[in-house]
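Colleague: Join the two chains into one complex using the hints; note that each chain is given alone, in its own frame.
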Amino acid sequence: MKREVFIERVLLFLALSSIGSLLLITIFIFLEGVPLIAHAGLKKFLLTSHWAPTKGHFGILAMIISSILVTLGAMVLGVPLGLACAISLAEFSPERVKTLLKPTLELLAGIPSVVYGFLGVIWLVPLIRDYLGGPGLSLLAGSVILGIMILPTIISISIDALSAVPDLYRDGSIALGATNWQTVRRVVLPAARSGIITAVILGMGRAIGETMAVIMVAGNALKIPTSVLDPVRTLTSNIALELAYATGRHREALFATGIVLFVIIMILNFTASAITRRR
Amino acid sequence: MSNQDIFRSARHLKPALFYRAGRPAVLCLFLGCLCGLVLAGCWRGPDSPGAVRAITIAGSTSVQPFAEKLAEEYMRRHSEVRIDIQGGGSSAGIYAAQQGVADLGASSRELVKAEKELMEIPIAYDGIAIIVNKDNPLENLSLEQIRQIYQGKITDWAELGLPSHSIHLITREEGSGTRNAFEELAMGKEAYITPAALVQDSNGSVREIVANDPHALGYISMGLVEPRVRAIAVDGVLPTRENVKNHSYKLVRRFLLVTQELKPGPCQDFVNFILSPKGQSLLETEGLVGVAD
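Going down the list, the sequences are from chains A and B. With my numbering, letter number 49 in the first sequence gets 49, and the count goes up by one each step, no holes. With my numbering, letter number 208 in the second sequence gets 208, and the count goes up by one each step, no holes.
Honestly, the hints are just simulated from the structure, not real lab data. A virtual CB, placed ideally from N, CA and C, is assigned to each residue, including glycine. Any given hint might turn out to be false.
Said to hold, decoys possible - Away from chain B, derived, C-beta distances all over 12 angstroms, residues of chain A: (1) A38; (2) K43; (3) K44; (4) L89; (5) R96; (6) G172; (7) L189; (8) V228.
Said to hold, decoys possible - Selected chain A positions facing chain B (Cβ under 7 angstroms, derived; list incomplete): (9) N220; (10) A221; (11) E242; (12) Y245; (13) A246.
As the list claims (entries may be wrong) - Simulated restraints on C-beta separations: (14) B:L111 <-> A:I224: 34 to 42 angstroms; (15) A:L132 <-> B:R228: 18 to 26 angstroms; (16) B:P264 <-> A:I224: 55 to 63 angstroms; (17) A:L31 <-> B:P65: 28 to 36 angstroms; (18) A:T48 <-> B:N272: 48 to 56 angstroms; (19) B:R228 <-> A:I29: 38 to 46 angstroms; (20) B:L143 <-> A:H57: 24 to 32 angstroms; (21) B:Q148 <-> A:L101: 49 to 57 angstroms; (22) A:T48 <-> B:D235: 32 to 40 angstroms; (23) A:H57 <-> B:P137: 34 to 42 angstroms; (24) B:P163 <-> A:L22: 49 to 57 angstroms; (25) A:L42 <-> B:P137: 47 to 55 angstroms; (26) A:K43 <-> B:D235: 43 to 51 angstroms.
Isolated chain B, as found in the complex (with noise of 0.2 angstroms):
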């Protein structure tokens, strides 16, 4: 049938679909149904009480796929206990761990003032890398450098002393753990990145650009660098397993959880085991760095 057809057709069926006698009943119903539907959508059931040992966690996207090894592990040991990780954002699970609607948040970046309250557990240290091709020659940037950089004001590798050819810059979207973190770190709190850098949404898309770009500098997360990118050294220190650990690389952020007490129990018992050795050695693994010495 032509899209004519569909167009005509339709102008035929209006008349029979409202205009007929006897139909305010049916629009009656519907009209009741609608109301009905935006009702249940607007109505919160109350949560569902669940299993007597369930732990829930909430919170950064970026801590989250590392909290999920842990419980995986965690729960092949214990399996009376069931923990489920929801997203949502590192201000997202610390205001759930404020409203007690989460067992523990999680968050990858420092509690402000007002949030002080919360009891935090530092789990691991991430650094953030700073990222060319495996074919630039670039070894080292300043902070400052970087900075300039991410505001647009060193636009050229020639003035890195390279080849002059334009930096192909790339950032994370807004909103981001990843970008804030290097915002705060990197960039200082009034500092704004360049809209003229691309924009990609996963640590995993920036290292395929780099890997692919000899031309481009991009950021991610310390434990997703592969030899096809490399991490450059910043203000002279390479972002590697100890730098971080002994506090001498800038760009690191911690990973938080949080929450108002820490309640003997399943949940306390989770925690121990994040901190004992083999949590600790599982995130290692991961490619974070521990918090322990």
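One chain only, chain A, in its complex shape (with noise of 0.2 angstroms):
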């Protein structure tokens, strides 16, 4: 009984450890960051758009909106098809396919982000230079990439949220004379929704925090994009292109700049998790 008591204390310890971790992070990007809001203010910092952080000039509103417009680009393109791709699996496919591309699918996601930024650039970038116009290297580009990339993550979770749907539901709506497709549309669907939403939401985290393969292929012009063949830098682009040389205040801006993107990324979690638990 002894024996038990200590491995369980050593267990939370362990587990302890690593929200502690995330606390340390926490508490070292706000103390790293809040110092040049405070300095630069927070409306100028979040409203106005000019960057220039080692001309002191720390405005990161194009960022912020390059941001939102890169993910909402993302979801139009892996919504549609994620879902498209979960309900035929879940619903349509006979098990032996499923079993086969659903691990598949779920190797997508391991492919290293730099790989999809790659592709990106000799195959993507140029595909639009020549048939749309512009640089290439665009919101359009990161908005493709991007939707490819957030795929796995929307299918696997969706998914999920369809297979739990019990099979008493399907039976019952057939069994009243509905086919196949009006059960999944009409049951199916609205019975794994707080599922698919999570899927979604977990989806567009995971599109505004991604970094590489966006520094790759969308261009990372400061300005506020006027079209989807405009260059645009995303709030996680702005840190790691120049992270590499700030000092003093550009460095403050930098993780000023982590902060945004921290909360941004805990409300989508928050959203998450709350409507997962509401169920």
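Modeller: Below, the structure written as structure tokens:
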């Protein structure tokens, strides 16, 4: 019994240490970034778009807008594709196809983002430049690459949500004379709604936090985009691009960018878990 | 296990983790460790004494790859000396030299007034080349035209006498040594580079984009120009070795080593090696232009 208590405590300690590292990271980011926000003024920091940190201008509005637009673009592409894939796999595919395809899709999540970025640069960017115009490195390129990258997240969580719907629902619906598609659309999808929304929000979190691939294909210009072919810089790209040489206020400004990102992702995650819990 | 299951089981765990009796001891231990970690992070140990004959060089990331090449060659000849080369940027390097933390600071910018008490040793010139795609017929730009392009006042190739198409302008990220030098040499102190310019974080990726995009214009270190891109003349002067040496090419920065005083010993010897014909020719094969005449 003594031994069991001991093991329990050790496990508890280990569990707390993971929470502790999150805590430490949070404290660190805020300690480093808050002085700059105080220095520049929150309003000026968030609502102006003149970013020249070595010359004393710290406005990240253009990057906030770009981050949101790139993420929305990725959702427009990734959600319908991912959802269609999940429905087809969970509801209409024979078991053997499903056992083959689902791990394959999850493998897609294991491809490093730099590979996606590289593919984007050598394949997607020239395509956009030659057929649609502009420099190719653009909001559109970023959205397409991210749209593909979030597919595994959306598909696998949606499949789990759909398979969690009891077969009784399906049997009941079919017994009432509904077709397979009517059953899926009117019964299964509404029943799995919260899980699917969670999938979408977690996909959104992945898209907004992705860095490497976006730096490579989005062009990183500091302007608020006026067309999908304009180059954009997201919040994450900003940090990774300038991190190497940043000192003093410039470095603080990058941490402050991190705070904004942190808050956005926290909100997304809380929304996701709140929706799941409400079920 | 589905996502919901994860959330659900996490909720069951909570009471077990936090509310059962007998936990304060563990919590205290945990918090103690946390404090320990924080303290350990804040406390900086004294600089390790290291080998007797060690040279520390810190500073510009533009100089770093060349300094590494030189150090490698020097250490091959003098196996008793160890040379540590760190990045950090020109300002950090100059600061390290002022504080005596590094034996030599590497800088790719000129010293400002407050830093002038340091001894400066120019080791090489680096030209910044304005590059275009090899299919682009552009031959020459004046410094004023370059300034206007990067200020966003000229945005179309038609204004430069070529078929009309928007210029795909590429610059480096804020803080980069090459950008810094370009801003000082071409843009003047107060000029801002247009926010519409694409930003890339290395000479290599700027070159890659220009090589693939016939409408692109960018700037990179002269030594890194490849046949896939073409360096154009600035005010009628091409960025060649001779033109850099006789100061007719305008976009040139100096690579400096700075120090409080050059102590006799390995440090002095290494500097001598860099300035010797062998060291200078090593820099020239890497694409820089030597300081010796």
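Colleague: Taking the earlier hints as the rules, which of them does this structure contradict?
Modeller: none
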